[in-house]
Structure formats: C-alpha cells, structure tokens
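*Asks:* The primary structure of each chain is shown beneath.
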Amino acid sequence: MADIALTDETALTARAQTTRRAGAGDARFHFFTWLAALVVLLIFAGVITSLVIGSVPAFKAFGLGFVTTEIWSPARERFGALASIYGTLITSLLAMIVAVPVGIGIAIFLTELCPRMLRRPIGIAIELLAGIPSIIYGIWGLFVFAPWFQEHVQLPVIDATAGIPVLGTLFGGSPYGIGVITAALILSIMILPFISAVTRDVFETVPTMLKEATYGLGCTTWEVMWRVVLPFSRTGVVGGAMLALGRALGETMAVTFVIGNAHKIDSSLFAPGTTISATIANEFTEATSEIYTSSLISLGLILFFITFIVLACAQLMLRRLERQSGK
Amino acid sequence: MINRALYARRRVANSAFIVLSISAAIFGLIWLAFILGSLLSQGVAALSPSLFTESTPPPGSEGGLANAILGSVAMSVLAVVVGTPIGLFAGTYLAEYGKHTRFAFVVRFVNDILLSAPSIVTGLFIYEIIVVPMGHFSGWAGAASLAVIVIPVVVRTTENMLLLVPHTLREAATALGAPMSFVIRSVTWKAAQAGIVTGVLLAVARISGETAPLLFTALNNQFMSLKFNGPMASLPVVIFQYALSPYEDWHRLAWAGALLVTATVLTLSIIARLLENKQRN
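The listed protein sequences correspond, in order, to chains Z and E. Going by the numbering used here, the first residue of the first sequence is number 1, and it counts up by one from there. Going by the numbering used here, the first residue of the second sequence is number 1, and it counts up by one from there.
Hints were generated in silico from the structure; no laboratory data involved. Each statement offered as a hint is correct.
Derived Cβ-Cβ restraints for the label pairs, each shown as a range:
#1 Ala61/Z to Lys278/E: 51 to 59 Å
#2 Ser289/Z to Thr53/E: 40 to 48 Å
#3 Ala61/Z to Thr53/E: 48 to 56 Å
#4 Lys60/Z to Ala45/E: 49 to 57 Å
#5 Asp26/Z to Gln222/E: 49 to 57 Å
#6 His136/E to Ala160/Z: 52 to 60 Å
#7 Ile22/E to His152/Z: 17 to 25 Å
#8 Gln17/Z to Lys278/E: 38 to 46 Å
#9 Tyr247/E to Ile71/Z: 30 to 38 Å
#10 Ile71/Z to Ala45/E: 38 to 46 Å
#11 Thr53/E to Leu113/Z: 48 to 56 Å
#12 Val44/E to Ala61/Z: 49 to 57 Å
#13 Leu47/E to Pro115/Z: 33 to 41 Å
#14 Leu64/Z to Ala45/E: 46 to 54 Å
Since this is a predicted model, take the numbers as computed values, not measurements. Glycine residues also receive a C-beta, built at the ideal position from the N, C-alpha and C atoms.
Based on the provided sequences and hints, a complete structural model is requested.
*Replies:* Structure below.
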C-alpha cells in the first residue's frame, strides 16, 4: 500500500496539499485561541484604563485629599471618599469576624463530626447557597432581618449599654434597623457558605494517614484539628478567607439595601453609613455633573485597587497550595 | 502514673470544641434556612399567572414581570452567545497551547481576578466604553456587562475540564496523524463536553441574579421591549427598584421576582453539578 502511494505522483501532491492545509488550519486555530486569551487581558486592561481616565477630573479637582475627606455634597459639588472607604472596610471587617470562625466551624463539622449520611446533603446545600445572588440577601435583609434586628437586638442593646463608656458609643443612637452592623451581618451570612465550601475542600487535602496517625497517638478531635489539620492547611484557609474578603469588599446589592446610604462616619455601629459599592449603585444614574460622575468612578477605581490587592494575595496563596498538593 | 487532671482538661477542651463547631454549623444553617423560608413564604404568596403575561405596573395597579423576564432572558442569551466562544477559546489556549508560558500565567492570574472582581466596577467599565459613546443606556451595554462576567467563568471551567482529559487520548489521536487543532476540536472538546457545558450553565446562573452592572448599563424599562438599542428591563433591577419603593404591591412583585431568580439559579446550579459529576467519573 505504501509502495503504491509513493510511486503515485498525484496522490503524493494531494497528500502534501492536505498536510499543508491542515497545517494552516492548525496555525489559524492556535491564533484564535491566543486571541481569545488576549481578550481576557484586554478586558482587564480596559477596566483599569477606563477607571483611571474617568477619575481624572475628580482627582484634578480634589487632589489626593479626595481619599481623606469625609464630606460628600452633590449640591455644593464637594466630594470625598473617606466615608465610603470607611464603610467598605468596617462592614467587611465585621463580616469577616463573624463569618470566618463560623465558616471554619461548619467545615470542621462537615469533615470530622458530621454523620456520614448527612455529610453529602449538607455539603451540597452549602455549595448551592454560595451561588444564591446577592440581591436575594439584600431583599431579605431589608424586609425580614432589619425589622427583626431592630426590635430584638438593637433596642435591648442600646438600653443595656447606655452610659457605659466605650460600649455606649459603639452601640449608641437610635434603633433604625438598617445601618453598618446590619449590613455587616447580612454580608457575613452571604460569605459564610463560601468560606465553608473553600475551607472544607482545603481540609480534605490533608492526607488521611496524617490524621489517622495523630488519632492513633491518642489525640482528641480538637488536638487533631488544632495541631495537625489547621497547620497543614493554613495557607489554604487564609487564601479562602481572603477570597471571601474580596467578595465582601466588592459586594453591592446585599449591602445597598440595608446600609442606609449616609455619607457619614459615625462612632456608633448601629448608625446608617455607606460603602463604595452602595454609593455607586445608589447615585450613579442620578449624577448629573461631570465632577459628580467622575467622583463616583474614582470610588470605583479605589474599590478595584483594594479588591485587586486582596484577591491577588488570595490567588498566590491558593496557587502555592495547589502546587504543594501536587496538582 | 496517670495524670488525671491532664486527661480531664483535654477531655473538657475537646467537648467544648465539639460543642462550638456543632453550634457554628447549626447557627449558619439556621440563617440560611431562615432566608430560604421567608423567600418561599413571601414569594409563593405573590406568584400568579399574570407575572408572566403582564408588564410592570405603575404603583397601585395590577401587573406582572413579563417585560423584566423577557429583558433578562434576552440580555443573558446575548451575553452567553458572545461570552461562551471567547471563554471556550481562551480556556483551550490555557490548557492546550499556553500551559506554563509566562503569557498563560498572566492570563490565568488576570482571569481569576476578574472572576471575583466586583461586578459594579466592570459595569463602570462598560458604561465608559459603550453607554458614554452611544449617549444613552441600552440593552447592548447590559448584555456586554454580563458578557464580561460570563467570560472568566467559562475560561476557568473550560481549562479545568480540559486538564481532566487523559493525555493518552490526545496522544492516540495525534499518533493517527491528526493535526493538533483537529485533535482539540474532535477529541479533547468532545471528551470534556459535559464539563464545558457545566461552565456555561454556571455562568448563566451567575448572571441571572446580577444586578449591579445593569443599573447603569441597561437601566430599566417599564414597557415590553426587545430593542437592544434602548433601555431594557431586567428582573434583578426591577427587584431592586420595587423593593426600595414605598408601595406594598410593588414589594409583592419584588418578592415574586426574587423567588423566580432563586429558583432559576438553583435549578441551573443543580444541573451543572450533575453534569460535572458525570464529567469527573
């Protein structure tokens, strides 16, 4: 068969042609996939460029003072980002304080304590909940959680702490229901499934032999978790928490509903406040002047900068973990 | 000699730890059940056939969500049609061509940042490059802002799923003389089919509840409209505006919309999960 093909001139050129055509198609396909990968980079570059260009008027008008000024007055066209930045950081911080321990607790429960029969259903339920859109948490927070919180938590706490030096300031003011701490709690419920899902996956990378050896030495569950599993999976847990922090910082809808949109840094955690994303969501379509729009875009730039740093750290940590586990 | 005090201490510490982590689990699950519970009770009460046949009403009169549903579906379809090929190709590049090159590393890093970046910020980007030049809000801009969210999701799952395809399969096809692009299209893609579809479904689930970037790209529209050149209604934006309004009947529509969105997202995620399991086995 090969002999015939080799002696037949026309078949040879036909085959050469096919090979050439396939080669050209190959190159073209390679080029298109490369182009698509480039599009991803272009989107990223485009986001940064458009935010930087859009924020030039605001930074020209207010200089770096934009970041350190609290005043936000569309009527007088004076804008400062401090109240929004403060709100973004404090709500995320409080949310993390609640969600990280609880999330890790759920992950420990799922990997070590839960009866085998319940493990999969609860695990799946948590993963599904991680996908529920933030607007659902927002509407629930506004109509269900805030009124409940106002009546059953804020009122008693305000009464109980009135007059006590530090606590009285932190939990003072009127019980509006909505406010910084309400937003932080909704955020924590929202990132909770996320933290548990990531942490559980990280815990499952711990070699069973390691755990069995520790149990075999007579260690209690607590000692196995605290001295073996957690140290082994530290990077992953921190990386997962940072990923959740990135979400919390940029979260818009869950917060916008319940924070009250007040451009003020209040000493009380019960007082209404605002975050960068809530300010943009609430005011962007109402912004009439160029400087107003530009100030909002500058807020977006600041938010992108903060989340970029947090997410980049999370990436690097989780990558290192992946390499460690030999994937 | 047995140190009884030490034993007792360890036992107490362990019990305390177990109680704490079980209560953490209960605490978390109670909130999540609370949310789903009120969503069901409020949403089901507001469900009616007119939701799907009538447009969003002015305050005080009867209406539905038909225009918002139509707008959401239209923009999502366009976003997926545009975003899927780009995501599929880019994911293919990372898994098959780029691999460990510096360029692929950067793309992978940037893609994972975009995957979790605040959607409101990518919405601002679309506002600057589409809404400002066009001079008005439009369905095009809305779809574009959703496509920006679709792409990273599809890239990530496509790469992961292609990496699951055994090397021997590629080698066998190549040994038969098939060119690389042919091997990818007819063998690797085919083997990873279920996984790639998973990625697309996850992307659809992700954008069906996405609100923030639509606020200032597609805006909203009170009327039934499929004109991509003008403002377009969408379910999440209608939920946002109606929930924050002072009118009782608008609140009811917002709850109904929230239930529809959640049901859609959960259904899509469950199908995606089943497909993914199929791929991994």
